[in-house]
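Student: Line by line, the protein sequences are chains U and W.
The opening position of the first sequence corresponds to residue 390 in my numbering, with each subsequent residue numbered one higher.
The opening position of the second sequence corresponds to residue 4 in my numbering, with each subsequent residue numbered one higher.
Please note that the accuracy of each hint is not assured.
Restraint-style ranges between C-beta atoms, simulated for each label pair [what the hints assert, rightly or not]:
hint	chain 1	residue 1	chain 2	residue 2	range
1	U	590	W	164	40 to 46 Å
2	U	421	W	69	56 to 62 Å
3	U	581	W	64	53 to 59 Å
4	U	421	W	205	25 to 31 Å
5	U	597	W	170	46 to 52 Å
6	U	562	W	173	47 to 53 Å
7	U	497	W	161	38 to 44 Å
8	U	497	W	158	38 to 44 Å
Looking from chain W toward chain U, a few residues come up when the C-beta cut is under 8 Å (computed) [to be verified]:
hint	residue
9	108
10	109
11	117
12	120
13	135
14	206
15	208
One-sided and incomplete, this derived list gives chain U residues near chain W with beta-carbon spacing under 10 Å [to be verified]:
hint	residue
16	431
17	434
18	469
19	640
20	647
By construction, these hints were calculated from the structure, which means they are not laboratory data.
This one's a predicted model, so the numbers in the text were calculated from it and none came from an experiment.
The C-beta atom is built at its ideal place from N, Cα and C for all residues, glycine as well.
What follows is each chain in one-letter form.
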Amino acid sequence: MNVIALSAVDLSLAALLILALASLSRHLRLGVERQLLLSAARSTIQLLLIGLVLKVLFANADLLWVATMAGLMLLVAGREVMARQKRRLRGSWGFAIGTLSMFVSSFAVTVLALACIIGTTPWYAPQYAIPLLGMVLGNTMNGISLALDRLTQEATGKRAIIETRLALGQEWQQAIGDSRREAIRVGLIPIINAMAAAGIVSLPGMMTGQILAGTPPVEAVNYQILVMFLIAGGTGFGTAVAVSLAARRLFDERQRLRLDRLHGQ
Amino acid sequence: MIHDNKLARSAACVPKRHAGQCLPPGDPCRDASSPDSEVGRYGQITGHRQAVPITTMLRLAQLATRHVGPLSLHVGLGECVCIQGASGSGKTLLLRAIADLDPHQGEIYLDEQPCSAQPAARWRAAVTLLMAESHWWAERIGDHFPCSIEADWLARLALAPEALDWSVARCSTGERQRLALLRALMGRPTVLLLDEPTGNLDEQSTRLVEALLDDYRQRQPAALLWISHDDRQAARVAERRYRLHDGQLTPLPR
């Protein structure tokens, strides 16, 4: 199980790729060189920090610390969902709906996997809990932000249709039903594609990592299958909850479509 | 005659009520069209028509929405009231507020039942707004008609008997406007809010729509609130006419 350790020099060599890409962006006037360098720097610092944090966390496997870490991850994911919306809900709703639905789905799915499927002792063992939660949360975040973005776009674009249906006496659930279904479907597409292509087109990152670390491929595959299913469950249920809550919020107590509850035009 | 018609149409609608577009059973607004209450209220069957006064159907009390009101108005059962006024005077906003599609102040009563006390969907099924432009969500026209319509309605608007099988995309604007009117009539609303219902129609179709609406108003009986740009049309169809200006209604001479 010998992993070849990477030195700072090795990483610097890889960083040359980013520099080369930045100079290409400058040359072609793509205008993304600043964003590229900034995000590369961010990812370096964030990952180095999380490495240190995880080192401390693994040394003190305390439920309180694990929960604090998980809560922090959830809040950042919630902020990210909000930031990716073109027309998000006004007020604290934009943050609360994404965060709440991620909490419900990702946490439930991860705890289920830890306690009932993998059976770690203690159930919150950080070596398992934090990476699993991270993977489920990251994918759920993508699904929810895609779905919510589609929902608000649909509601804005199909305003006349939705209001026609309301005017004919339909309930709000029926009036926005098509858009709601479409939004949930869009949120599920990435994980469905990922599952369909897994192993043939792409070798998923987690499995690759385990194999690089020396785990026998068949073991790594088993874990990857588990993670795929957890992600699908977390994304699916999280997206359904988020879209349902947001759709409800688009209507007021008299079932009027309230696009003024969305930011920006 | 009316009695028979209503029995037939409610029987046709019952099996499909769960589709969600028809009114739920026991609806107070719909009860007005059931044979029993008809007898009690108008005495048409028992012949005491004079003894029972016709109550005001739609009553706006200090209704105010963006740029419009506060204003008050009564529209009686079987009556047609026209609203005229320049573009941008808020005619459409007024109708949207009455259909409770926009937030508003003041109250709207149907048979003295306040709008705010009824479920929103039930209110809109009884007080139905027909928008100036028709909008369709399914591919086929018939998919928008979960309840049956009167057998002769298509023919009376010069639409082919197979019109319900048409795809929305192949219909002309005028055909869609007439079909949207039938879609609104399908729910047998007690009040129809008509936003230029003949805006895209030629003279001949306009007359057909006017005749059908006049017939519906008397048979149902229903109250019509009709926005029209055409003075002659307003004179033809309405008992009373108002001009909406600066958010207020002023009566126009007949």
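Student: Range first: 40 to 46 Å. Now tell me if the beta carbons of residue 590 of chain U and residue 164 of chain W are that far apart.
Tutor: Since the Cβ atoms of residue 590 of chain U and residue 164 of chain W sit about 53 Å apart, the hinted range of 40 to 46 Å is violated.
Student: If you check the beta carbons of residue 581 of chain U and residue 64 of chain W, does the distance land in 53 to 59 Å?
Tutor: holds, 54 Å
Student: Indicate whether the distance between the beta carbons of residue 497 of chain U and residue 158 of chain W respects the range 38 to 44 Å.
Tutor: violated, 58 Å
Student: Mind checking the CB of residue 431 of chain U against every CB in chain W and telling me if the closest is under 10 Å?
Tutor: Violated: closest Cβ of chain W sits about 44 Å from residue 431 of chain U, beyond 10 Å.
Student: Confirm or reject the claim that residue 497 of chain U and residue 161 of chain W have a C-beta distance inside 38 to 44 Å.
Tutor: With Cβ atoms ~59 Å apart, the hint is violated.
Student: Does the interface hint hold: is residue 206 of chain W within less than 8 Å of chain U, judged Cβ to Cβ?
Tutor: Violated - the Cβ of residue 206 of chain W stays beyond 8 Å from chain U, reaching only about 27 Å at its closest.
Student: Is the interface hint for residue 120 of chain W satisfied, with its Cβ closer than 8 Å to some Cβ of chain U?
Tutor: Violated - the Cβ of residue 120 of chain W stays beyond 8 Å from chain U, reaching only about 11 Å at its closest.
Student: That 47 to 53 Å hint for residue 562 of chain U and residue 173 of chain W (C-beta), does it hold up?
Tutor: violated, 30 Å
Student: Does residue 117 of chain W pass the interface hint, meaning its C-beta sits closer than 8 Å to a C-beta of chain U?
Tutor: Hint violated; residue 117 of chain W Cβ to chain U Cβ min 12 Å, cut 8 Å.
Student: Min Cβ distance, residue 469 of chain U to chain W: is it shorter than 10 Å?
Tutor: Violated - the Cβ of residue 469 of chain U stays beyond 10 Å from chain W, reaching only about 33 Å at its closest.
Student: Are residue 108 of chain W and chain U close enough, Cβ to Cβ, to be under 8 Å, as the hint says?
Tutor: At 13 Å from the nearest chain U Cβ, residue 108 of chain W fails the 8 Å test, so the hint is violated.
Student: Would you check whether residue 208 of chain W satisfies its interface hint, that is, whether its CB is within less than 8 Å of any CB in chain U?
Tutor: With a closest approach of 21 Å, the residue 208 of chain W hint is violated.
In terms of the numbered hints stated before, the structure departs from hints 1, 2, 4, 6, 7, 8, 9, 10, 11, 12, 13, 14, 15, 16, 17, 18, listed from lowest to highest.
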